[in-house]
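Visitor: My request is simple: use the sequences and hints to build the entire structure.
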Amino acid sequence: MKLDVQSLSVTLGENHILKDASFSIDSGEFVGIIGPNGSGKTTLLKTLRGLYPISGGQVLWDGKSIASLSDKEIAHHVAYMQQSVNVSFDYEAIDIVMTARYPYLKWWQQEGPEDKAIVEKAMKEVGVYHLRNRSVQFLSGGERQRVFLAKALAQQTEVLLLDEPTAALDLVYADDIFHEGRRLCDEGKTILIVVHDLELAAKYCTKLVLVSDGHIVDVGTPREVLTAENLRNAFHLSAAVYDDPYFKQQRIFVFPKGTTDIKAYKQTNASTDMSIDPDLQ
Amino acid sequence: MSKQKKRIMAITLIGVLLCVVSLLALHVGTIMIPIGGGIQSILNGMGIPVNFTEPITAEQEAVLWFIRMPRLIIGLLVGGALALAGAVMQGVFSNPLADPGIMGVSAGASLGAVIAIALGVTSLGMFYMPAFAFVGAFVSVGITILLTLRNNKLDTTTLLLAGVAVSMLLGAFTSGILTMINEYRLREFLFWMVGGLDFRRWDHVALAVGPIVTGSVILMLLGRHLNVLVLGDTEARALGLPVMVYRMLFLFLASVVTATAVCVSGSIGFVGLVVPHIVRLLVGPDHRILLPMAGVGGALFLVFCDTLGRIIAQPVEIRVGIMTALLGAPYFLYLLHRLRSKGGA
Numbered sequence: 001m002k003l004d005v006q007s008l009s010v011t012l013g014e015n016h017i018l019k020d021a022s023f024s025i026d027s028g029e030f031v032g033i034i035g036p037n038g039s040g041k042t043t044l045l046k047t048l049r050g051l052y053p054i055s056g057g058q059v060l061w062d063g064k065s066i067a068s069l070s071d072k073e074i075a076h077h078v079a080y081m082q083q084s085v086n087v088s089f090d091y092e093a094i095d096i097v098m099t100a101r102y103p104y105l106k107w108w109q110q111e112g113p114e115d116k117a118i119v120e121k122a123m124k125e126v127g128v129y130h131l132r133n134r135s136v137q138f139l140s141g142g143e144r145q146r147v148f149l150a151k152a153l154a155q156q157t158e159v160l161l162l163d164e165p166t167a168a169l170d171l172v173y174a175d176d177i178f179h180e181g182r183r184l185c186d187e188g189k190t191i192l193i194v195v196h197d198l199e200l201a202a203k204y205c206t207k208l209v210l211v212s213d214g215h216i217v218d219v220g221t222p223r224e225v226l227t228a229e230n231l232r233n234a235f236h237l238s239a240a241v242y243d244d245p246y247f248k249q250q251r252i253f254v255f256p257k258g259t260t261d262i263k264a265y266k267q268t269n270a271s272t273d274m275s276i277d278p279d280l281q
Numbered sequence: 282m283s284k285q286k287k288r289i290m291a292i293t294l295i296g297v298l299l300c301v302v303s304l305l306a307l308h309v310g311t312i313m314i315p316i317g318g319g320i321q322s323i324l325n326g327m328g329i330p331v332n333f334t335e336p337i338t339a340e341q342e343a344v345l346w347f348i349r350m351p352r353l354i355i356g357l358l359v360g361g362a363l364a365l366a367g368a369v370m371q372g373v374f375s376n377p378l379a380d381p382g383i384m385g386v387s388a389g390a391s392l393g394a395v396i397a398i399a400l401g402v403t404s405l406g407m408f409y410m411p412a413f414a415f416v417g418a419f420v421s422v423g424i425t426i427l428l429t430l431r432n433n434k435l436d437t438t439t440l441l442l443a444g445v446a447v448s449m450l451l452g453a454f455t456s457g458i459l460t461m462i463n464e465y466r467l468r469e470f471l472f473w474m475v476g477g478l479d480f481r482r483w484d485h486v487a488l489a490v491g492p493i494v495t496g497s498v499i500l501m502l503l504g505r506h507l508n509v510l511v512l513g514d515t516e517a518r519a520l521g522l523p524v525m526v527y528r529m530l531f532l533f534l535a536s537v538v539t540a541t542a543v544c545v546s547g548s549i550g551f552v553g554l555v556v557p558h559i560v561r562l563l564v565g566p567d568h569r570i571l572l573p574m575a576g577v578g579g580a581l582f583l584v585f586c587d588t589l590g591r592i593i594a595q596p597v598e599i600r601v602g603i604m605t606a607l608l609g610a611p612y613f614l615y616l617l618h619r620l621r622s623k624g625g626a
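Same order as they appear, the protein sequences are chains A and B.
Position 123 of the first sequence, counting from 1, maps to 123 under my numbering, and the rest follow consecutively.
Position 111 of the second sequence, counting from 1, maps to 392 under my numbering, and the rest follow consecutively.
No lab work stands behind these hints: they were computed from the structure.
Warning: the hint list may mix true and false statements.
Unchecked claim - Reference listing, derived: stretches of chain A covered by chain B, where coverage requires no fewer than 3 residues with Cβ under 8 Å from a Cβ of chain B:
| no. | stretch |
| --- | --- |
| 1 | 28-41 |
| 2 | 66-72 |
| 3 | 92-104 |
Claimed, not checked - Computed beta-carbon distance windows for the label pairs:
| no. | chain 1 | residue 1 | chain 2 | residue 2 | range |
| --- | --- | --- | --- | --- | --- |
| 4 | A | S55 | B | V526 | 17 to 27 Å |
| 5 | B | G406 | A | Q83 | 51 to 61 Å |
| 6 | B | M449 | A | G13 | 50 to 60 Å |
| 7 | A | D90 | B | H308 | 34 to 44 Å |
| 8 | B | I289 | A | K121 | 20 to 30 Å |
| 9 | B | T495 | A | R182 | 48 to 58 Å |
| 10 | B | L467 | A | S55 | 56 to 66 Å |
| 11 | B | F533 | A | D90 | 20 to 30 Å |
| 12 | B | V526 | A | G141 | 29 to 39 Å |
| 13 | B | L304 | A | D90 | 27 to 37 Å |
| 14 | B | G406 | A | F138 | 51 to 61 Å |
| 15 | B | V526 | A | K121 | 23 to 33 Å |
| 16 | B | T338 | A | Q137 | 53 to 63 Å |
| 17 | A | E114 | B | L616 | 36 to 46 Å |
Beta carbons: idealized from backbone N, C-alpha and C, even for Gly.
Guide: Encoded structure:
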């Protein structure tokens with residue numbers, strides 16, 4: 001699905017969280033939403049799902065304003081995965097994934113064999129089918145997040161909104177989730193993911209949206225967005241962005257606070273296309 | 282699948298126990314009624330003519346039909362209602378320590394009852410006290426909800442705290458009235474506070490059966506929605522569940538069912554708190570199975586407590602409200618201990 005965000009503003013209570021944000025996303029993209037803590041990333045994602053009221057501008061999914069759609073209608077097209085869900089009772093993993101079928105059932109209906117097949121497929125796809133009868137309360141962080149990812153998939157939507165699914169995960173699981181996300185996008189899904197690890201975002205995402213203090217600082221490919229200048233504007237830090245010589249991946253080096261002279265860091269064989277904070281050059 | 286097996290075993294066990302305890306409840310007492318003869322009398326009464334054993338005497342017949350049967354049925358209804366409502370409240374609040382009175386139902390009903398007693402209307406007819414209690418329960422729930430409702434949203438934490446505050450406020454009124462009324466009326470209230478099933482007649486059954494059965498059946502049918510609501514507002518809305526509508530519906534129906542139970546039997550604690558836990562351990566947290574089984578389990582637990590209370594200290598009868606607390610409180614403490622050693626709910 002194509003997403004258009006037009007001068008979107010969101011106010012929660014007294015706080016203006018998002019201010020005049022505009023960007024658009026094509027179908028099939030794997031979009032990383034990056035930015036410092038408290039910049040409005042989660043609010044943006046939740047607003048795209050229609051969970052927060054819009055105070056200005058609009059969010060259009062395939063040209064339709066989200067404000068005109070019901071929660072159930074949106075749930076047919078967009079799945080939303082929270083940072084973490086507090087499961088109070090001893091539900092089995094498969095019970096949790098099964099709730100994804102909720103939007104497709106009338107209030108009196110129960111899940112049928114078709115729903116069970118979809119759930120089984122989703123759980124196998126992310127490799128948690130063997131955990132199906134385990135209690136969610138006793139799964140590790142990584143297993144748990146993958147169960148909720150399976151749930152998002154079992155909702156069978158074109159769009160997935162993932163709010164920091166890798167926040168509590170170690171290196172391997174985090175890479176796994178992103179790898180999985182990229183694969184799903186190549187198969188035609190559109191994913192927006194909130195992420196803190198910029199290098200991970202650069203490695204897998206096709207597009208990045210950089211948010212700072214409720215404003216969209218930049219939108220584009222990782223190479224376009226991840227520049228020393230943008231990082232200074234958004235994160236207020238001095239950094240150097242470069243390609244590592246072995247894997248041609250974007251790397252970010254953050255200069256320690258208060259660095260004024262970077263000669264000590266500069267190597268003679270430094271790549272010429274390195275982007276360094278202009279204030280330090 | 283072993284989990285499935287365990288579940289079927291648990292359901293069979295609870296079902297068999299319910300039958301056994303029910304028969305026992307009809308059988309024991311100052312006047313013993315032979316089980317075979319009792320069953321025969323009941324079947325004949327339902328229009329199934331059977332004659333497999335000696336018929337029971339006219340006196341036994343009268344005790345069976347006008348004392349034991351209504352008492353048993355009230356016990357089944359009230360126990361089932363309280364446990365089912367407890368399971369629903371625990372689900373709605375996503376909190377395993379919630380109980381059916383959490384919205385102020387019990388406190389409101391008590392205030393209603395004490396007003397009825399203070400005004401002296403209880404001697405005019407048996408329906409006055411339940412009516413006053415019912416009104417009290419609903420005024421209390423209404424205040425709790427109105428205090429919580431903001432921007433068309435019902436936050437469960439606020440609701441929980443509002444329920445506690447309203448209960449305390451109404452409790453103060455109740456105590457205030459109690460300090461001013463006559464001693465014999467005080468005694469009447471005491472009997473109401475410590476819930477009991479004695480002297481329950483078919484009139485009480487007729488009063489309770491409609492609201493409890495209707496409310497319970499609807500709640501059981503909505504179990505799947507409660508499974509989603511338990512995961513929290515965001516999760517439920519993201520799946521397209523109308524959170525506000527269902528939360529209100531669950532709270533309303535659970536309150537109706539609880540209020541009705543409290544009205545006909547007085548205030549009986551611990552059933553709604555403890556039974557859902559035991560049943561959850563046995564059949565799992567899926568509300569589609571949990572809700573009906575909590576109902577059956579609650580009926581079993583209450584009738585068991587009532588029967589035990591009738592026989593352990595004969596000829597004195599220990600009221601069922603005391604028995605449930607005697608058996609329920611130790612289990613509740615064990616539960617708290619277990620939660621703490623596990624590091625929270």
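Visitor: Now tell me, hint by hint, if it's right for this structure.
Guide: Consistency of the hints with the structure:
| no. | hint | verdict |
| --- | --- | --- |
| 1 | 28-41 | violated (count 0) |
| 2 | 66-72 | holds (count 3) |
| 3 | 92-104 | holds (count 7) |
| 4 | A:S55 x B:V526: 17 to 27 Å | holds, 25 Å |
| 5 | B:G406 x A:Q83: 51 to 61 Å | holds, 58 Å |
| 6 | B:M449 x A:G13: 50 to 60 Å | violated, 29 Å |
| 7 | A:D90 x B:H308: 34 to 44 Å | holds, 38 Å |
| 8 | B:I289 x A:K121: 20 to 30 Å | holds, 28 Å |
| 9 | B:T495 x A:R182: 48 to 58 Å | holds, 53 Å |
| 10 | B:L467 x A:S55: 56 to 66 Å | holds, 58 Å |
| 11 | B:F533 x A:D90: 20 to 30 Å | holds, 27 Å |
| 12 | B:V526 x A:G141: 29 to 39 Å | holds, 34 Å |
| 13 | B:L304 x A:D90: 27 to 37 Å | holds, 34 Å |
| 14 | B:G406 x A:F138: 51 to 61 Å | holds, 56 Å |
| 15 | B:V526 x A:K121: 23 to 33 Å | holds, 32 Å |
| 16 | B:T338 x A:Q137: 53 to 63 Å | holds, 57 Å |
| 17 | A:E114 x B:L616: 36 to 46 Å | holds, 39 Å |
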